[in-house]
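Colleague: As a plain string of letters, each chain reads:
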Amino acid sequence: MRRQHHFGAVLAAGALFILAPVLAQPSAAQAARQPAAAKDDNRPIPRLPDGHVSFEAPPGEKGVWNRQDYRPFIPTTVDEAALRDRGGNNNDGPPGLKPKASDVPFLPWSRSLFLYRQTHEIEPYGRCKPAGGFRNMATPYGTEFVQVPEQERMYIFQTGGPHSFRPIYMDGRAHPKDSDPSYYGHSVGRYEGDSIIVDTVGINERGWIDAYGTPTTKQLHLIEKWTRLDFKTLRYEITIDDPGAYTKPFTTGMLMTYQPGREMFEFVCQDGNLAGELMIGGGNAKIDRTSPIVP
Amino acid sequence: MRNKLFYVVGILALLMTPAAVAQQGHPLVGVWSGDWGPSATERHPVVVEMTWHDTTLGGMINPGETDAAQIKVGTLNSTNWTVHLEGEGKDEKGGPLKTVIDGTVENLGSAKRVLTGTWMRGTVKGTFKITRE
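Chains A and B supply the protein sequences, listed in that same order. Quick note on the working numbering: the first sequence kicks off at 757 and runs consecutively. Quick note on the working numbering: the second sequence kicks off at 309 and runs consecutively.
Accuracy of the hints is not assured; some may be wrong.
Pairs of lysine to any residue, SDA-like flavour, derived with a Cα cap of 20 Å [stated by the list, open to error]:
#, chain 1, residue 1, chain 2, residue 2
1, A, Lys974, B, Thr431
2, B, Lys420, A, Tyr872
3, B, Lys420, A, Asn798
4, A, Lys818, A, Asp835
Far from chain A, by Cβ distances over 12 Å, these chain B residues were calculated [unchecked claim]:
#, residue
5, Gly333
6, Gly338
7, Asp343
8, Asp362
9, Asp375
10, Gln378
11, Ser386
12, Glu394
13, Lys398
14, Pro404
15, Gly417
16, Thr431
17, Lys437
Derived from the structure by calculation, the hints contain no laboratory data. Note that the coordinates shown come from a computational prediction; the quantities given were computed from them, not determined experimentally. Glycine included, every Cβ here is placed at the ideal spot set by N, Cα and C.
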């Protein structure tokens, strides 16, 4: 009897193995729906009822924005490249969008820390901590904008990472004078042509603002600019002004691509994830992970 | 007696404070605790609180204690992560007390990074080890 069960399990596993490629294919109905969205990539930039540029999926449709190359700087030496990119990452994006790492106005300590983090990629975001700035956009599985004109605010939703959202106030308010620092900080924004300009302060020192460990301090002031270049392309620029870590402000950015037909899904980030090889690379063998408190 | 009181206050403070979180900004900022002493058997509990305002490394040594010393000189050599601190306070008799700390940061990427090295309290020289809380 037990043997029969065993045989049955082996048979079922074998059938699944054979059928898996077939099952993974989209159905005919799905295939028919998806290209319909993709072929409209050249349509005009969507607009809100008030005429402002829309970063949302058009009404009745779904879609998310996916990051392209999300390095903040172009490495000029091996040391400036993250371990995960040392096998090859030459996607620099459009000229002028990203500075060379050697041109970034680091203070000595921030440059040393940045270099250290290229081989010790213990990113708080990888352990479910929210991250503002660049990392807020460079999230896995897509980013979604929700603009709410009647509330004069917008929200940025991340599918991956902490699966969280960031509010941006578009009603002309000022930053609070004494707010408690937070992972996202306090953001106020305004429209400028087909762009949104967002000013953020009050970011705490518990996270990284990008996936490459660009150091920042509590003096950080960010100016971000989203520009919808066409229906499927978004240009993201971020100016980092932090006299605690840099001698002067500098700007970097990335392009993002609209992916129609996709929407956010339930994503559970497992706090306390100790899968070091998967989450943070292999350069951290000597790091103390015995603490029950996830850093 | 003073040491016992220090430990009791320290334990109570630890119980009352929320769990430590990683400091991802300037790596020296925060509260560090441990001990120093001129020998392996004579050790004294210490707390060092470091700050980074504008581009100045400052803070206090043993804040709240009678021998609390404000950090007047603070430098970090980030090529090898060595730290030099000079604090000025008063000893138990009210006389001037200078503390000079020279250490090296270990386990930089950890929330509980460590600073070890030499500690000079007045004319007494010893070693120290403090861990970021």
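Colleague: Hint by hint, note whether the structure agrees.
Modeller: Hints versus structure:
Using a Cα cut-off of 20 Å, the hinted pair Lys974/A and Thr431/B is violated, with the two alpha carbons roughly 37 Å apart. With a C-alpha separation of about 16 Å, the suggested pairing of Lys420/B with Tyr872/A holds against the 20 Å cut-off. For the hint linking Lys420/B to Asn798/A, the alpha-carbon distance of about 52 Å lies beyond 20 Å, and the restraint is violated. For the hint pairing Lys818/A with Asp835/A, the CA-to-CA distance comes to about 41 Å; that exceeds 20 Å, so the pair is violated.
Taking the minimum C-beta to C-beta distance to chain A, about 3 Å, the non-interface status of Gly333/B is violated against the 12 Å cut. Residue placement check: Gly338/B does not keep its beta carbon more than 12 Å from all beta carbons of chain A (closest about 9 Å). No Cβ of chain A approaches the Cβ of Asp343/B within 12 Å, the least distance being about 19 Å, so the stated non-interface status holds. A Cβ of chain A approaches the Cβ of Asp362/B within 12 Å, the least distance being about 6 Å, so the stated non-interface status is violated.
Every CB of chain A lies more than 12 Å from the CB of Asp375/B, the least distance being 29 Å, so the non-interface label holds. The Cβ of Gln378/B lies farther than 12 Å from every Cβ of chain A, with a closest approach of about 20 Å, so its non-interface assignment holds. Look at Ser386/B: its CB is around 4 Å from the nearest CB on chain A, not clear of 12 Å, so calling it non-interface is violated. In this structure Glu394/B is separated from chain A by more than 12 Å, as the shortest Cβ-Cβ distance comes to about 19 Å.
Distance check for Lys398/B against chain A: the nearest CB is about 31 Å away, which clears 12 Å, and the non-interface claim stands. Taking the minimum C-beta to C-beta distance to chain A, about 31 Å, the non-interface status of Pro404/B holds against the 12 Å cut. Residue placement check: Gly417/B does not keep its beta carbon more than 12 Å from all beta carbons of chain A (closest about 4 Å). Thr431/B, annotated as away from the interface, keeps every beta carbon of chain A farther than 12 Å; the closest lies near 32 Å.
Distance check for Lys437/B against chain A: the nearest CB is about 14 Å away, which clears 12 Å, and the non-interface claim stands.
The structure is inconsistent with the numbered hints 1, 3, 4, 5, 6, 8, 11 and 15, although it conforms to all the rest.
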